[in-house]
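There are 2 protein chains.
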Amino acid sequence: MSQLEEKTLHSEKIFSGRVISLQVDEVKLPNGRTSTREIVKHPGAVAVIPITSDGKIVMVEQYRKALEKTIVEIPAGKLEKGEEPASCARRELEEETGYECKHLEWLISFYTSPGFADEMVHLYIATGLQKKEHAASLDEDEFVHVIELELDEAEQCIHDQRIFDAKTAYAVQYLQLKASVQK
Amino acid sequence: MSQLEEKTLHSEKIFSGRVISLQVDEVKLPNGRTSTREIVKHPGAVAVIPITSDGKIVMVEQYRKALEKTIVEIPAGKLEKGEEPASCARRELEEETGYECKHLEWLISFYTSPGFADEMVHLYIATGLQKKEHAASLDEDEFVHVIELELDEAEQCIHDQRIFDAKTAYAVQYLQLKASVQK
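Which chain is which? The protein sequence lines are A and B, in order. So the first sequence is numbered by the numbering used here: it starts at 7 and just counts up by one. So the second sequence is numbered by the numbering used here: it starts at 7 and just counts up by one.
Since the hints were derived computationally from the structure, they do not count as laboratory data. Idealized CB from N, CA, C, for every residue including glycine. Be aware that one or more of the hints could be misleading.
DSS-like, lysine-lysine: derived pairs with alpha carbons at most 27 Å apart [to be verified]:
1) B:Lys-19 / A:Lys-19
2) B:Lys-189 / B:Lys-137
3) A:Lys-138 / A:Lys-108
4) A:Lys-47 / A:Lys-62
5) B:Lys-75 / A:Lys-75
6) B:Lys-84 / B:Lys-34
7) A:Lys-19 / B:Lys-138
8) A:Lys-47 / B:Lys-189
9) A:Lys-62 / A:Lys-19
10) B:Lys-62 / B:Lys-47
11) B:Lys-13 / A:Lys-75
12) A:Lys-87 / A:Lys-47
13) B:Lys-189 / A:Lys-84
14) A:Lys-13 / B:Lys-84
15) A:Lys-84 / B:Lys-137
16) A:Lys-47 / B:Lys-184
17) B:Lys-108 / A:Lys-87
18) B:Lys-19 / A:Lys-75
19) A:Lys-84 / B:Lys-34
20) B:Lys-138 / A:Lys-13
21) A:Lys-189 / B:Lys-75
22) B:Lys-47 / B:Lys-108
23) A:Lys-189 / B:Lys-19
24) A:Lys-87 / B:Lys-138
25) B:Lys-189 / A:Lys-34
26) B:Lys-84 / B:Lys-138
27) B:Lys-189 / A:Lys-184
One side of the interface only, derived from the structure: several residues of chain A facing chain B at Cβ under 7 Å [to be verified]:
28) Leu-10
29) Ser-17
30) Phe-21
31) Ser-22
32) Pro-36
33) Lys-71
34) Ser-93
35) Trp-112
36) Phe-116
37) Tyr-117
38) Ala-175
39) Tyr-176
40) Leu-181
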């Protein structure tokens, strides 16, 4: 699909922060004209659907400054430099929920906001959960409440917009589909 | 959940562009310490799952500069100032695919990247599609190829990572769940 591609004529770094950086690219469009693209660079992230032995989904309630809201999400976090997504998934699960898992299965990876950001989320499902006695702790600027939900409670949270983000909505739908296929 | 909230001490505007703006907030954390949050502001967007009378899903192939990749997505676009999401959905459907729809049903709204951005996508399903003779055209810096896929072809595109973004992955899973429930 090379006829859709845009060629970079110039790239201007605007900002480089702790989590994201921002650049504005001047591009040559397929019709030969030029335009600009505002692009957020992100290290990528993982998210985990942790399922307890009695079939509950472990989630975390977290304040999101970008939204000025507290929402309920599956455990997730940024990749550290050079970190394998599966290792990151185990680390974030432990830090945010205190659980370690026997089984971790990759489900899907997707870009969250392809229009302006390169953030990719790698999604896993974790089973064989066990509470760890001395679990690794959260980042020092991270505060969460752990909750465990039945699938129908998670569906209600989507209805009430307490679950309000793409990866968690995808996760709940994944479990609905799984339950539907198993019927 | 007020004990999770972060209070803004100071907000610094870094950038204001055509699509996004960027600010860095200094916040007071629940434990009294301070930290910073890098926040991208976005006007919000809509996405549409257009289903033809013979059950195909209409998608668009589009180059995404942020990813340096051409991917396959459901039609989507940014809200214009003051625009109702449903009107925006009809407009984007027409501009990107040439279809107008008789029926438009809201499915879900979600934040795409709550860790650093306030972008919300409003997702609709569109049926009763008809090709419009003089369809509104794309933005002058937008280039897409329209394709129509069976559900199993869309599933294959996910497997091949040609469909590679959260809203489209959600949309395909939504149709899988719908097909599964109808069986």
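We went through each hint and held it up to the structure:
1. B:Lys-19 / A:Lys-19: holds, 16 Å
2. B:Lys-189 / B:Lys-137: Cα-Cα ~30 Å, so violated.
3. A:Lys-138 / A:Lys-108: holds, 12 Å
4. A:Lys-47 / A:Lys-62: The given pair, whose Cα atoms are some 34 Å apart, is violated under the 27 Å limit.
5. B:Lys-75 / A:Lys-75: Violated, at roughly 33 Å.
6. B:Lys-84 / B:Lys-34: violated, 32 Å
7. A:Lys-19 / B:Lys-138: The hint is violated at about 42 Å.
8. A:Lys-47 / B:Lys-189: violated, 43 Å
9. A:Lys-62 / A:Lys-19: This hinted pair is violated, its Cα atoms lying about 45 Å apart.
10. B:Lys-62 / B:Lys-47: Given that 27 Å is the threshold and the Cα spacing comes to 34 Å, the pair is violated.
11. B:Lys-13 / A:Lys-75: Given that 27 Å is the threshold and the Cα spacing comes to 12 Å, the pair holds.
12. A:Lys-87 / A:Lys-47: holds, 14 Å
13. B:Lys-189 / A:Lys-84: violated, 39 Å
14. A:Lys-13 / B:Lys-84: OK: Lys-13 (chain A) and Lys-84 (chain B) at ~23 Å, within 27 Å.
15. A:Lys-84 / B:Lys-137: violated, 43 Å
16. A:Lys-47 / B:Lys-184: Not satisfied, since the Cα-Cα distance of roughly 35 Å exceeds 27 Å.
17. B:Lys-108 / A:Lys-87: violated, 49 Å
18. B:Lys-19 / A:Lys-75: Distance of about 20 Å is within 27 Å: holds.
19. A:Lys-84 / B:Lys-34: holds, 22 Å
20. B:Lys-138 / A:Lys-13: With Cα atoms ~32 Å apart, Lys-138 (chain B) and Lys-13 (chain A) exceed 27 Å; violated.
21. A:Lys-189 / B:Lys-75: This hinted pair is violated, its Cα atoms lying about 39 Å apart.
22. B:Lys-47 / B:Lys-108: Violated - the C-alpha atoms of Lys-108 (chain B) and Lys-47 (chain B) are around 33 Å apart, more than 27 Å.
23. A:Lys-189 / B:Lys-19: Not satisfied, since the Cα-Cα distance of roughly 52 Å exceeds 27 Å.
24. A:Lys-87 / B:Lys-138: violated, 49 Å
25. B:Lys-189 / A:Lys-34: violated, 48 Å
26. B:Lys-84 / B:Lys-138: At roughly 22 Å apart (the allowed maximum being 27 Å), Lys-138 (chain B) and Lys-84 (chain B) satisfy the hint.
27. B:Lys-189 / A:Lys-184: Answer holds: Lys-189 (chain B) to Lys-184 (chain A) is near 14 Å, not above 27 Å.
28. Leu-10: holds, 4 Å
29. Ser-17: Where the cut-off is 7 Å and the nearest Cβ of chain B is about 10 Å from Ser-17 (chain A), the hint is violated.
30. Phe-21: Since the shortest Cβ distance to chain B is 5 Å, the answer is holds.
31. Ser-22: With a closest approach of 10 Å, the Ser-22 (chain A) hint is violated.
32. Pro-36: holds, 5 Å
33. Lys-71: holds, 4 Å
34. Ser-93: violated, 19 Å
35. Trp-112: Status violated, d = 13 Å.
36. Phe-116: holds, 5 Å
37. Tyr-117: holds, 5 Å
38. Ala-175: holds, 5 Å
39. Tyr-176: This hint holds: Tyr-176 (chain A) lies near chain B, its Cβ roughly 5 Å from the closest one there, short of 7 Å.
40. Leu-181: violated, 10 Å
Against the hints set out earlier in the document, violations occur for numbers 2, 4, 5, 6, 7, 8, 9, 10, 13, 15, 16, 17, 20, 21, 22, 23, 24, 25, 29, 31, 34, 35, 40.
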